[in-house]
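2 protein chains.
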Amino acid sequence: MWRKLLAGTAVISMKSAKCSDSGMATNDLPEYTWDEIKTHKTPGKSVWIVMGKGVYDITRFVEMHPGGDKILLAAGSSADAFWNLYRIHKQDKVKDMLESFRIGNLKGGEKLEALNDPFSGDPNRSTHFIAHTEKAYNGELPNDLLTEKILTPNTEFFVRNHLPVPVVDENTYELELVFEDDKCTSFNLKDLKSKFPIVSVESSIQCAGNRRFEANQQGVTRGVEWRGGAIGNAVWTGIRLRDILKHLGEINPEYKHVQIEALDTDPNGPFGTSIPIEKAMDSDTILAFEMNGETLPRDHGFPVRLIVPGYVGVRNIKWVKRITLSTSESPLIWHKRDYRLFSPNDSLGNVNFEEREPVYDMPVQSVICSPIDSTSFDSKNENVNFKGFAYSGGGRGIVRVELTTDHGESWIEAQLEKRQQRLGRRWSWAFWNANIPSSDIEKEVCVRAVDDAGHGQPESLKSIWNYRGLLTNSWHCIHLIRK
Amino acid sequence: MWRKLLAGTAVISMKSAKCSDSGMATNDLPEYTWDEIKTHKTPGKSVWIVMGKGVYDITRFVEMHPGGDKILLAAGSSADAFWNLYRIHKQDKVKDMLESFRIGNLKGGEKLEALNDPFSGDPNRSTHFIAHTEKAYNGELPNDLLTEKILTPNTEFFVRNHLPVPVVDENTYELELVFEDDKCTSFNLKDLKSKFPIVSVESSIQCAGNRRFEANQQGVTRGVEWRGGAIGNAVWTGIRLRDILKHLGEINPEYKHVQIEALDTDPNGPFGTSIPIEKAMDSDTILAFEMNGETLPRDHGFPVRLIVPGYVGVRNIKWVKRITLSTSESPLIWHKRDYRLFSPNDSLGNVNFEEREPVYDMPVQSVICSPIDSTSFDSKNENVNFKGFAYSGGGRGIVRVELTTDHGESWIEAQLEKRQQRLGRRWSWAFWNANIPSSDIEKEVCVRAVDDAGHGQPESLKSIWNYRGLLTNSWHCIHLIRK
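Chains as they are written, first to last, in full-length UniProt numbering: chain A, 1 to 483; chain B, 1 to 483.
Honestly, I wouldn't trust all of these hints.
[As the list claims (entries may be wrong)] Here are the computed lysine-lysine pairs in the PhoX-like style, where the Cα-Cα straight-line distance is at most 25 Å: (1) K135(B) - K149(B); (2) K336(A) - K70(B); (3) K38(B) - K95(B); (4) K95(A) - K135(A); (5) K193(B) - K149(B); (6) K38(B) - K107(B); (7) K418(A) - K418(B); (8) K443(A) - K483(A); (9) K149(A) - K107(A); (10) K135(A) - K90(A); (11) K38(A) - K149(A); (12) K53(B) - K418(A); (13) K462(A) - K53(B); (14) K380(B) - K256(B); (15) K70(B) - K462(A); (16) K135(B) - K193(B); (17) K246(A) - K462(B); (18) K462(B) - K443(A); (19) K256(B) - K246(B); (20) K70(B) - K149(B); (21) K256(A) - K418(B); (22) K107(B) - K149(B); (23) K53(A) - K38(A); (24) K53(A) - K135(A).
In short, the hints are calculated from the structure, not lab data.
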């Protein structure tokens, strides 16, 4: 459909054929002030948006927008933030299409009020991060900083946001619970913290798209180009989800899913997902207020984050607003249309989302964090020291990490630093390190981990590549240069 | 140590140097009757054994026996059954060593009473089975019979026995429970069947050594050479283990493991293992009396078998005798010295069993059951139909099965026949089938499955091979001949 739309634009007269002009002022067009622009935000009447210095009348385009109503969030305002949010806009063809709707320039010296930028309330982030996108913010630590501490400091924990960070007043915050079709209740933060036992759980959280950068070497995927650092480990403190659910009464066995809606929203509705009732009732599934002993940072879900140990990052919903017991999975687009177990044969055009199951659990993963890829090593030193992390989903722990300098002909077992966690509840990553004789290193060094179900990592990325670059977990290989 | 012993035998005069003579009558030696032989079974005095027609005085060897005291089970009797049980004996060097202890022949016409054969009470088995060993019995269906029924008929369910099948009188059978250091209780079969709710669970059981035949193509392993058929699926009916444990009272949180001892024994003690308390308390972990609606067959654990869905076959203990709540894992040799997550670097000589964790959960598996390997296909037919099973441990279901005719360059998705089971409780295998155009088939066709944690199967066996041939789950490939 997107392709069809792009093709369709050929019949619209192109006011600017050069994509480099997109958003730049053009001398032959009238100027408009923000006050005037703001009056053009009514679908069916006229819809203007601003991009950079350009003013565009997109009335005719609104209904054709592949992203649906979302475009109206920028009506009478600036669309810059949204274009940053959705990578698909970053193509010359899309920019050309936008220019075809150009009607004028933003009046010189005019500034958009901060209020118009939905990301203007976002918190500051660590200067250590590699920021892949600013709006919404997505940032990770460089690999070699990742394995400094087995509990990742809060400020260094990767940030994966889909939307602007909600601004929440803890005094008025309420968590809503819908536990039967006709019953609804809510708790304020004080209730939550005082009415239920407080528990702590140590759990790693990994984004399904971690290592997408490598997947993109194999073929173009869609999403943030994580280098391996979209994972962290923390102690989460809060109350058990099951304590709240049980507090409400006997749970009707028809309710097989717990839907969670968040406070971060866009015009299509809130961010959200669902988890199976069995996982919701697990003693380690909690509503957390604290991360590593501190108040939950805004970027990690202040005031309340759902922690679902062993599950993929996206199910660990931040800024929890509403919890609903339901007979069905979440109907929200974030649950239904993404984060699924895609096949190498799937593509955006042909995937049947209903046929692909959501990712909850995750396969075993390991990364060489240092040395970093493409650095040189001194062959006069006897050994080269390798360090990294390993992790598996579903509470499966790491039992072995092995490195190879001959692409799997032989393996060198690494030393493991594991957390003490019970079988089936091994939620935390493991660190590992190994010394390899310099003389053994030709060029490539790869790592693989084995979890307690005996799962290893696939040797080639080709066998697991998918168009969303999810669950990239083939052997992690780096190349080193002898000096 | 074994090697050392073999080397040591060189100083003992060899009465027969030809290994083909082992167990045959030799003309120049005296004859002994069973009555006389039976009097020589006292360690420290004299120990004779019989192998075939040969009589051997092994008094000097008893203490050196690598298998420990087990050798005394045959004292004053026939050792044939035990040699069949332990493959390590089937070497020319071992036979030569035995002949060095030869003192005579069994008197002509003498027959060993059935009582002396611990396997004489074993039940009859399906004629469909490939019987890998008779004593103890280990048999599987040929692959092409395996996928006929999604619930494997009881008589066709693979049999993996370590020891003789116990002969149990259901009227006197008692299940013992040791639930505190000083408390012990027991239930007879009538109690078990009447005092607790009866439940049914559908679960596949797979032997950790399934597909060891292939592992042996890569390098010699130790164990039964299963061809892929060491798996079956059944509905098990019985009572929840947790109902019995709760019946006994509050469980002290110090008890982290449930040890299970079985009725099948050898001189070293009973067969047995342990499982973590969390798994023991799971609603689907049961003590089964029935298999597919019939009384549990003797080969499958009559009268009571522990069913631990999602766990490797060996933990699904047959002929349960005693259940003990404990602070530690089972001390039995079958638990401590085998069925562990071995590395490709481990060998019998160097493995530190304590360092390797027991296999409980199992990785994703799939097998092409038909056509069978090395058969021809008619290239005049448009398609070749492929069928098989896929399975993953830990309650993870199969989400996708794919075949490749070009060793992973491209994949053809198979049709899945899955059981309706809840996420996290997907205990049953899935069947699959796919039609592949004859023209696409060069020679090799491989299958791989993906489970709901996103785990696939490794493409090469080399990366997972271990000396015990456990958890062999690389892509299953067959070769076909065009005609």
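Right, here's what the structure says about each hint:
no.: 1; hint: K135(B) - K149(B); result: 28 Å, violated
no.: 2; hint: K336(A) - K70(B); result: 60 Å, violated
no.: 3; hint: K38(B) - K95(B); result: 23 Å, holds
no.: 4; hint: K95(A) - K135(A); result: 19 Å, holds
no.: 5; hint: K193(B) - K149(B); result: 29 Å, violated
no.: 6; hint: K38(B) - K107(B); result: 13 Å, holds
no.: 7; hint: K418(A) - K418(B); result: 36 Å, violated
no.: 8; hint: K443(A) - K483(A); result: 11 Å, holds
no.: 9; hint: K149(A) - K107(A); result: 51 Å, violated
no.: 10; hint: K135(A) - K90(A); result: 14 Å, holds
no.: 11; hint: K38(A) - K149(A); result: 49 Å, violated
no.: 12; hint: K53(B) - K418(A); result: 57 Å, violated
no.: 13; hint: K462(A) - K53(B); result: 60 Å, violated
no.: 14; hint: K380(B) - K256(B); result: 61 Å, violated
no.: 15; hint: K70(B) - K462(A); result: 51 Å, violated
no.: 16; hint: K135(B) - K193(B); result: 32 Å, violated
no.: 17; hint: K246(A) - K462(B); result: 50 Å, violated
no.: 18; hint: K462(B) - K443(A); result: 22 Å, holds
no.: 19; hint: K256(B) - K246(B); result: 15 Å, holds
no.: 20; hint: K70(B) - K149(B); result: 40 Å, violated
no.: 21; hint: K256(A) - K418(B); result: 19 Å, holds
no.: 22; hint: K107(B) - K149(B); result: 51 Å, violated
no.: 23; hint: K53(A) - K38(A); result: 15 Å, holds
no.: 24; hint: K53(A) - K135(A); result: 19 Å, holds
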